[in-house]
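Line by line, the protein sequences are chains W and Y.
Just so you know, this note's numbering puts 29 at position 29 of the first sequence, and the rest follows in order with no gaps.
If you want this note's numbering, it's the 1-based position in the second sequence plus 1000.
Worth flagging that the hints you see were computed from the coordinates, not collected in a lab.
From the three backbone atoms N, C-alpha and C, an ideal C-beta is built for every residue, glycine too.
Be careful, since some hints might not be right.
Below, a sample of chain W positions facing chain Y; criterion: calculated Cβ distance under 8 angstroms [as the list claims (entries may be wrong)]: (1) Ser53; (2) Tyr55; (3) Gly91; (4) Ala163; (5) Asn172; (6) Thr175; (7) Ser203.
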Amino acid sequence: MKKINLFLSLLVLALSTQFNVYAQSTEKTGYKPGDVAIDFKLKNIDGKTVSLSDYSQVKGFIVVFTCNSCPYAIAYEDRIVALDKKYTPKGFHVIAINPNDPAAQPKDSYEAMQVRAKEKAFTFPYLFDDGQKIYPQYGATKTPHVFVLNKEKGKNVVRYIGAIDNNYADANDVTEKFVENAVDALLAQKAVKQPITAAIGCSIKTKK
Amino acid sequence: MKYFFYLITYLFFTACSAKPATELRVLQYEELKSIIEQNDDVLYIVNFWATWCSPCVEELPDFMEVNAEFDKNPKFKMILVSLDNIKELESEVKPFIAKHKIGTNVYLLDDNKRMNEWIRAFHTDWSGSIPATAIYKNGKKLYFVEDKLNKTELKQLINKYL
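Using the sequences and the accompanying hints, generate a full structural model.
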């Protein structure tokens, strides 16, 4: 009996250690292109909750982790609205998520999100990652940080991670439209040529 | 004659106490790379920051304190790489450097359209979030972190690699 107990406790220990290692590594690295993205149920600025599963008959999503306070995110607001206008009719819907903890950045409170969305006439959901449970699973590290999800056999598969384009400072001087290139490729059922890009952004604010 | 003596004394002491002026320069990736990747046995602490980045601004006093502690060592050099918009050089960056008594060279990396190239050239897994800190010696990157560093962590790293 003692032996069985010992065996069981060792097994539990081994499993739990493995689980911990796994949990830590996913938390740190997040999704890679090809991974299936988790659904969420987050509160929108209109008080209702939004999930990916609410959308039927869609081809995919442009999930943008963004916020009110970061100058880079602000620089891209109009371009996010433009993405929604261009791609919603084609089946790709923009969903914006604010990942910041308002305790660390008061400008990113739920109320401030409502104000900003109205000012900028957002045409898409602007969700609050209350409790900061979703952004670590995606592996978002900054704002803005885009994840393009493609519907494949009913699953939301990550096909692009990174920046919107290659010039935050001047929308008129953009020479590479990363997100548009990715979504256009997916609409044409082709592979995304640049599935990952990097751009400077504001780190996601957490209260330590 | 008496005044002349005072003047000489004053000039002498100001000349002695004046530290070499910190350099502020606008540059592009290749030039920055040539500054931090030199075969000169110097340990380069390279901090990527911006005036608008609150966690960056929070960690800078620790960096300045550590710099003051090590900057007499000719084998040590700390560099701040500003990712501010070039348009904010006069209005934000220069006043910030003066106000926060930045004692290191500051290079404003004005290479915004090629971010996707240079961010990943600095470090493959860097998503572009700041603050980030890299450590170089003899052209080799010894360390990279996409997060804040505190004084203790920074000193440990310097002592490890110096």
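Hint by hint, which ones does the structure fall short of?
1, 2, 3 and 5
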